[in-house]
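Throw the hints in and build the complete structure from the sequences for me.
Order-wise, the sequence lines are chains A and B.
Letter by letter, the first sequence follows residues 97 to 552 of our numbering.
Letter by letter, the second sequence follows residues 4 to 481 of our numbering.
I should point out that these hints are in silico values taken from the structure, not numbers from a laboratory.
Careful, some of the hints might be misleading.
[To be verified] Which chain B residues face chain A? A few, computed with CB under 7 angstroms, are given here:
(1) Thr67
(2) Gly81
(3) Ala83
(4) Tyr84
(5) Ile194
(6) Arg201
(7) Gly245
(8) Gly276
(9) Lys389
(10) Gly392
(11) Gln394
(12) Asn399
(13) Asp401
(14) Ala419
[As the list claims (entries may be wrong)] DEER-style ranges, computed between Cβ atoms:
(15) Gly292(A) x Glu218(B): 50 to 56 angstroms
(16) Asp244(A) x Leu237(B): 48 to 54 angstroms
(17) Ala223(A) x Gly177(B): 37 to 43 angstroms
(18) Glu182(A) x Lys27(B): 32 to 38 angstroms
(19) Val137(B) x Gly441(A): 25 to 31 angstroms
(20) Ser119(B) x Glu519(A): 29 to 35 angstroms
(21) Lys416(B) x Glu500(A): 38 to 44 angstroms
(22) Ile110(B) x Ser355(A): 47 to 53 angstroms
(23) Ile417(B) x Thr248(A): 42 to 48 angstroms
[Stated by the list, open to error] 30 angstroms max Cα-Cα, derived DSSO-like pairs, lysine-lysine:
(24) Lys94(B) x Lys220(A)
(25) Lys200(B) x Lys429(A)
(26) Lys376(A) x Lys418(A)
Ideal Cβ positions, reconstructed from N, Cα and C, are used throughout, including at glycine.
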Amino acid sequence: MTMQKLDELLEVADGVVAAARKAGADVAEATVRGGSHLSTKVRLREPELVEEAGSRSLGLRVMLGQQVAVTYTSDFSAAGRARLVEDVIELAKLSQPDPFAGPPDPSKLSKPEQHVDLDVYDPKMDALTAAEALVRAKDGEDAALNYDPRITNSEGATFTRASGESVLVTSGGFRGTTRGTYASLVVSPVADDADGKKRSGYHWAAKRHLAELEEARGVGEEAARRTLRKLGASKIASCELPVVFDPDTARSLLGLLASCVNGGSIWRRSSYLLERLGTKVASDLVTVIDDPLIPKAPGSRPFDGEGLLSRRNVVVENGVLKTYLMDTYAAKKLSMESTASASRGSSGGVGASTTNFVLQPGPISREQLLKDTKRGLYVTEMMGFGFNAVTGDFSRGASGFLIEDGELTQPVSEVTISLNLDEILQRIDAVANDLDLRTSTASPTFRVSAMTIAGK
Amino acid sequence: MTSRYQAPFAETGPAPIDPEIARKLLDVALAQGGDYADLFFEYAASGSYAYDEGILKSAGRFVTMGLGVRVMKGDATGYAYVEDLDLDAMKHAARTAGQIAAGGKPIAPQAITRKSPADRYPIGHLSMDVDGVVKRELLERADRAARAADPRITKVDASLSEELREILIVTSTGHFVRDRQPLLRFGVRAIAEENGKRQAGSSGGGGRVGLEYFEKLSPEHHAKEAVRQAVAMLDAREAPAGEMEVVLAPGDSGILLHEAVGHGLEADFNRKGTSNYTAQVGKEVASELCTVVDDATLGGSRGSINVDDEGLEPTSSTLIEKGILRGYMQDRHSADFFHVTPTGNGRRESFRSHPMPRMTNTLLLAGQDDPEEIVRSVKKGVYARKFGGGQVDISNGDFVFSLTEGYLIEDGKITAPLKGVNLIGNGPDVMRKVVMLGHDLEVSDGIWTCGKDGQSVPVGVGCPTIKISAVTVGGTQL
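Encoded structure:
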C-alpha cells in the first residue's frame, strides 16, 4: 500500500461528502476503506486453501436536520456513488427527527498533525508471498503433529496476512487517515481420547509486524500441549468452588463488562450497570483501562470514528466505575461528554466501542496464583452465549482442570459455571501479571472466590 | 420475481454475464491445471430500519457485489474474489485462484447448460420494493402495541431488515444457474421494570417471505410476545444446578438439534475424520424416537434455498432415521470423497468466502406423545421455552445452549420462571436420552443465523415438544 492509495480514498470520500451536501444533507460523513489479504491453510501437511483478494467499501452517514440515514456500497463506479447519495437522502427523509442526533462540535475535531503514529503498519507485510505463507502454516502444523503420537489428526493450520487503509471525511471539517497490518497463525490439532471421544485444541499468535510474530514451531507445539492436556476430561459433581480464569476466558468475561459500560447499552436501559457510576462494580484489585494509544496494539487508533482525538479512559479504578464509554450521541443522551469512543462501521453506522480494553495486571505470577488456590476450577474454555446484559446473569459451559493443593490435576469438561457478573467481578480475589496484548480486549489470569459449578 | 433491485450481471442487466463470458473466465481459471473451477457472482441489496423511543431513528441501505472464483486441485482450493466486474479484473481473479494448480496441464471446462431451479420462496410484496413509509408504519404499530400492553414497559425498540441476494453460479462441470433469494427479518424488544428489577423480552420472525408475512403474524403479535416475556421474567428466580429432566418447547428448541447433531453431520468434518460422527453411518446415534432431516424445500423458511451456492438443487435429506445415522450433509468436495450424490448443502456467506457443507432447515420430526402429557410426566425439571443460541465442540459433540425463558416443572406442572440459564450436554448422549416426543412439530419463525469458520448463513430449525431424561442445567442453586 502506498500513500497514493490513501490519497485516492480521500478523493472518493471528499467527492461523496460534497455530493451529499449538494443534495441537501446538513451533515455528511464518509468513510472509505480498502484492504487486501492472503490466507493460506495447510492440513495434514498438504495445502488446503490459498485465498487472495482485495476489497473496498464506501459508507455514508447523513443528517437532514436531525433525521439520520446511512448507506454503504462496494460499487465505486460513478453510478454506484450517485446511487449511494440518492438513497441516503431518500432514507433520511423517511427517518424521523431525533432531538439528540448531531455531529460532534466542529471545534472538538482533531487535526491531522495531532494524530500520533501508533506503529500498527508494517510496509513489508504485503510482500509476503503465498508460497512463504504456506511454509509458515506447514511449519506450525508440523510442529503440532510431531509433538506427540497421541496427536492423530488436525483441523489444519492457517497463516493470514492482511493490510488495510481507511479514511474519514466529515462535513464538519475533519479529514483523517489510518492504515494498519497484521499477521496471524493458528494451529488446531486433534487427539483421540481413550473413550472414543476426540479432543480438539488450538493456539494462535498475531502481531501488527511480521518480524515480531512468534515462530511457527512454538505456536504449533503450544497448540499440541493445549490439545493433549484435555485428554481424559470428564464431568465433575455439582459444587461451589473458587474459579481461576486463564487469559483467554478472563478476556471473554471482560468483554461482557465492555458491553455493559457501553454508553449505547446505558441509554437503552440494557445494562446492569445503569446508574452505577461512582459505585463499586468490582473488587479493589480490578482496574480496567480503555487505551487506544498503545503502540503496536490490535485496537489502537489515533482518532475515533467521529474524528475526536483518541484518549485513554480509566473505566474502572480499584473497583469503582469511573465512566461509561460514549460516542457523541450516547453522551448527549446521558447528558455527559463523549469519551472519544465512537466507532464507525464500514457500513457507515456509528456507536460507542472499546479500543484496547485491558484489565491491568496484578503483582503475582500465574504460578503463584495457582499455588495459592487449594481447591478450585481452572477454566481454559467457555462455550455458549449465556449472559443477560440487562440483569448481569451469567451461565456458560466451561472446561478446564481441577486445581488440587495448588496443582492442575483432573481435566474437566461438560460443566457450567454460573454467577451474576456483578458478583463475579466483586469476588475477584487475585489478579496475576501474565497480560498479553494479543487481542484488543485483554486480561491476565484472575481468580473468583466462589462460583456455582453444575455437573453430574 | 421482479424488483427495482437487479444485479448488473443479470440477463437483462446492464452488464449481463452469459455462458460465453463465463466460459472464457473458466478457461483462465483452469489454464494452470485445476480439476474443477466455479464462478460465484453475487449482488446483495439490503435495508435496515431501526425504530427506537417512538421514532424511526435511522434507516440504511447497503449494496455489495462481486465475483468469487474457486479452483480445486485434489483437496486443495485456490480462491480469489473481486468487486470490480470488468473483464480484466475478473480474469485476474481467475488467474489468481488458478495458481493453486500451478504447473499442471490445462483442462477444458464442459459445455455449459442453463438450469432453472424450482421456486421455494413465492413472494407477494418484496420488502425491498415497498415504500419505506409502509415499513415505518409496521414498526410504529409494534412500538405502540408494546407500550400499550403493560404499564411496566419502560423501553421498546423494533427493527426490520430486508435483503435481496441475486446469485449466478457457473461451474466447469457445465452448470449455469441463477437464483434470487429474498430475506426478511422483523424484531421487537421490550424492557420491563418493577421494584428495581429490570428484564428484557424479545420476539421476531420472517424468512424468505414478503410483507404478506404480517398478515399471519402481525407487528402487534411480536410486540405482545416480547412484553409477555419481559414481564414474566421480572419474577424469575435462581435456576437449579445439576442433572435433571428437561422438556423443550416446540419450534426454536430445534437449536438443540442444530448444535447437538447438526454440525457434527456436516460432511467436511467427517471427511477429515474430526467429527464424533465420523464412520458412524448405519449405527445407532440417537433414541429410536428420533428422525432428523435437513430440508431446504420448506416454502418461505429462512433456511430454504432453490439452489445451493455451488449451483446444486438441494432436497430434503434424512440424516437420522429412527435413531440410525443415514448420511451427512454434503457439498461437492465431500460428496466426491464419499462417492455419494451431493445433497445441495454447499453454502457460503458471500462471494468473499468459499462454500462448505452447511445446514438449511434442520428438523426433528414429530413423535406421537401429547405435549401436555409430556409435561405431566415430569416430577422435578425444567421447561425450556426460548433460547439465546448455542455452540458445539465438533470433535466430541459437547454442546451448550442458553435459555432466555425457562420455567421450573414441579409435580407435572409448569411453575416459576427461571433466570437465564445454560444447558450443557453431549450430542449423542442427549439424543439417546430423548424419551418422549410430541406430535406438535413446529418450525421456528425466521430468526436464526448460523456461524461456522467465520461465515454466517441464515438457517431454520424445528422440532416438536421433546423430553430428555437427563441434561445438566447450569443454574446457581445446588
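Hints broken by the structure, by number, lowest first? 9, 14 and 20
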